[in-house]
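J.: Here is how the chains run, residue by residue.
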Amino acid sequence: MRECDRMSARGSSVIVDLEGTIAELAPRVLRYANARLADPALAEDVAQESLAALVRACRNGGAPESAEAFVFAIARRRAGRAAWRRRLWAPLELAFGASSEAPSPEAQTIAIEEAARLRAALGRLSSRDREALLLVAAGGLSMADAAAALGLKVSAVKMRVSRARARLAAELEVRS
Amino acid sequence: MTDDPRPDIDRRIRDAFACDPAAVRRVAVGADARSRRNANGRRMAVAARVAALCVAPGAVLAIIMLLRPVQIPPPGTGPEPARVALPGTVTEGLLVVPLPDGSVAISGGEARPGRPDDGYGIVIVEGELR
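Chains as they are written, first to last, in my numbering: chain R, 1 to 176; chain L, 1001 to 1130.
Hints in this document: simulated from the structure, not taken from any laboratory.
Note that the Cβ used here is the ideal one computed from N, Cα and C, for glycine as well.
Be a bit skeptical, because a hint or two may be false.
Claimed, not checked - Here are the simulated EDC-like cross-link-like pairs (lysine to aspartate or glutamate), alpha carbons at most 20 Å apart as the crow flies:
id, chain 1, residue 1, chain 2, residue 2
1, R, Lys158, L, Asp1008
2, R, Lys158, R, Asp129
3, R, Lys158, L, Asp1032
4, R, Lys153, R, Glu65
5, R, Lys153, R, Asp129
Stated by the list, open to error - Covered stretches of chain R (in silico footprint by chain L; criterion: 3 or more residues with CB under 8 Å from a CB of chain L, positions within the stretch not fixed):
id, stretch
6, 17-31
7, 50-61
8, 65-79
Using the sequences plus the hints, can you model the full thing?
T.: Shown next, in the form of structure tokens:
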């Protein structure tokens, strides 16, 4: 990674300390993936793959302008694919008993009542609003980085996040 | 972080989906190793694609050749029959040619100008032997 740091520093990239960037992004992207997938093992896989893509990009001399937007854009795509795959394989896993494993400690942690309520409320939002809110709230992205990750204008992301927050608050209030 | 902060909502989301520190460490440490592993995997994938590109045209050609309908030439358009030289005789205007299978072919009838009434020589036979 040291070599990558030097390459990045020579180029146009703003990434100077890749190890520090990864250490800072890891919990955020993992939390985002957790919120999206509700599966700690899968979330870990998605987060690691997204950060690995950043390392690869730096090593190849193509370090992105915004590491956050880059990593979260990949995490978002991969989480979407993982969710689809899970949906496709779920019947087979049920048939072969693959999903009957005991939940991991992480799964037990996120299965607490608050997480379940929040997940249910998030599920009632539109996917576009939910996506924007999770990037900002769970991923800790700025509006500009969220806009870059979603391929939207900042104003559009602001509107979605604002609407999502209001609807989520209303949902939680109604259900409580 | 945002222009429209609702700290309660954002904080609830962050707290609800908090991550295990061990998992965070695994993700951070594993990213580098994974990027190297993926690079090797990608090289293998590229090699496989190149190999497939090389093999594919040949395979397609072979399939086309195998699927091509067999062309049966219509009668009369086949290869020219072989010409065979056989000894024969002309007797009273009739051409008599003993054939290789033991039979004798006789043709002719009316005398034609320039054809001798009697004689012998070599006859060029063309066509199927019947």
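J.: Hints the structure violates: just list their numbers, smallest first.
T.: Structure breaks hints 3 and 8.
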